[in-house]
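**Student:** The lines below spell out each chain.
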Amino acid sequence: QQQVKQSPQSLIVQKGGISIINCAYENTAFDYFPWYQQFPGKGPALLIAIRPDVSEKKEGRFTISFNKSAKQFSLHIMDSQPGDSATYFCAASGTGGGNKLTFGTGTQLKVEL
Amino acid sequence: DSGVTQTPKHLITATGQRVTLRCSPRSGDLSVYWYQQSLDQGLQFLIQYYNGEERAKGNILERFSAQQFPDLHSELNLSSLELGDSALYFCASSDGTTWDTQYFGPGTRLTVL
Chain Y
1 QQQVKQSPQS LIVQKGGISI INCAYENTAF DYFPWYQQFP GKGPALLIAI
51 RPDVSEKKEG RFTISFNKSA KQFSLHIMDS QPGDSATYFC AASGTGGGNK
101 LTFGTGTQLK VEL
Chain H
1 DSGVTQTPKH LITATGQRVT LRCSPRSGDL SVYWYQQSLD QGLQFLIQYY
51 NGEERAKGNI LERFSAQQFP DLHSELNLSS LELGDSALYF CASSDGTTWD
101 TQYFGPGTRL TVL
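Listed in order, the protein sequences are those of chains Y and H. Here the first sequence stands for residues 1 to 113, numbered as in our numbering. Here the second sequence stands for residues 1 to 113, numbered as in our numbering.
Among these hints, one or two may not hold up.
[Unchecked claim] If you anchor each label on the Cβ, the simulated ranges turn out as follows:
#: 1; chain 1: H; residue 1: His73; chain 2: Y; residue 2: Ser10; range: 35 to 41 Å
#: 2; chain 1: H; residue 1: Arg18; chain 2: Y; residue 2: Lys15; range: 47 to 53 Å
#: 3; chain 1: Y; residue 1: Lys5; chain 2: H; residue 2: Ser38; range: 16 to 22 Å
#: 4; chain 1: H; residue 1: Asn59; chain 2: Y; residue 2: Pro40; range: 22 to 28 Å
#: 5; chain 1: Y; residue 1: Glu56; chain 2: H; residue 2: Gly16; range: 50 to 56 Å
#: 6; chain 1: H; residue 1: Lys57; chain 2: Y; residue 2: Pro52; range: 44 to 50 Å
#: 7; chain 1: Y; residue 1: Lys58; chain 2: H; residue 2: Lys9; range: 31 to 37 Å
[As the list claims (entries may be wrong)] Here are the computed lysine-lysine pairs in the DSS-like style, where the Cα-Cα straight-line distance is at most 25 Å:
#: 8; chain 1: Y; residue 1: Lys71; chain 2: Y; residue 2: Lys57
#: 9; chain 1: Y; residue 1: Lys5; chain 2: H; residue 2: Lys57
#: 10; chain 1: Y; residue 1: Lys15; chain 2: Y; residue 2: Lys58
#: 11; chain 1: Y; residue 1: Lys71; chain 2: H; residue 2: Lys9
Note that these hints are calculated values from the structure, not bench results. A virtual CB, placed ideally from N, CA and C, is assigned to each residue, including glycine.
So that you can see chain Y by itself, here it is in the shape it has in the complex (with noise of 0.2 Å):
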């Protein structure tokens, strides 16, 4: 059964546009809720996370919204770059199960000139 949603399943961008991806999950009892990106090669790297305390993170281009009734979280890239270009990650943890992450499907992101 899978518990993290992800949409789109890929994405073009124009330079300098937003990037949308969205997230929705099933599971009451995650709270912990990061996004990874991943480089074709590499292995996933933290971009940022939230709990679900709050409703928005920000870490420079990158904006996490979460809406805890809809179970729900989104990732915002302002202003995307071809450096952007790359499969990203949503994911959620809870607390009773050992920090293990449950991820989405992920989202091919490219961002062209």
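With chain Y held as given, fit chain H onto it using these hints.
**Tutor:** Leaving out everything else, chain H in the frame of chain Y:
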């Protein structure tokens, strides 16, 4: 560079064989996680160790086993290999605290022929 090292980088073997993947966590991290990444299953949690003890188990096959040694490095043993075991295997480490950040290694690409 996440500080997590994995060896080997690539592994090609035949069906029915057994292989061992090795992971060295970041300095000071007590927790090690193993994940499998495949095209059809995505990124899936396999197993977690904390300071030598198994802490959580995910979708890990009975043919797979892991352990964490006193120096905190970890090994994932895969036996009776099948074609479907071909995947990227990632190790991640963290300090093991609540909501801890997991840092991923570069992965081992296993190909079973």
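**Student:** Are the hints correct? Go through all of them and say.
**Tutor:** Right, here's what the structure says about each hint:
| no. | hint | result |
| --- | --- | --- |
| 1 | His73(H) - Ser10(Y): 35 to 41 Å | holds (37 Å) |
| 2 | Arg18(H) - Lys15(Y): 47 to 53 Å | holds (48 Å) |
| 3 | Lys5(Y) - Ser38(H): 16 to 22 Å | holds (18 Å) |
| 4 | Asn59(H) - Pro40(Y): 22 to 28 Å | holds (25 Å) |
| 5 | Glu56(Y) - Gly16(H): 50 to 56 Å | holds (52 Å) |
| 6 | Lys57(H) - Pro52(Y): 44 to 50 Å | violated (26 Å) |
| 7 | Lys58(Y) - Lys9(H): 31 to 37 Å | holds (36 Å) |
| 8 | Lys71(Y) - Lys57(Y) | holds (16 Å) |
| 9 | Lys5(Y) - Lys57(H) | holds (22 Å) |
| 10 | Lys15(Y) - Lys58(Y) | holds (20 Å) |
| 11 | Lys71(Y) - Lys9(H) | violated (37 Å) |
Consistency note: the structure conflicts with the earlier hints numbered 6 and 11.
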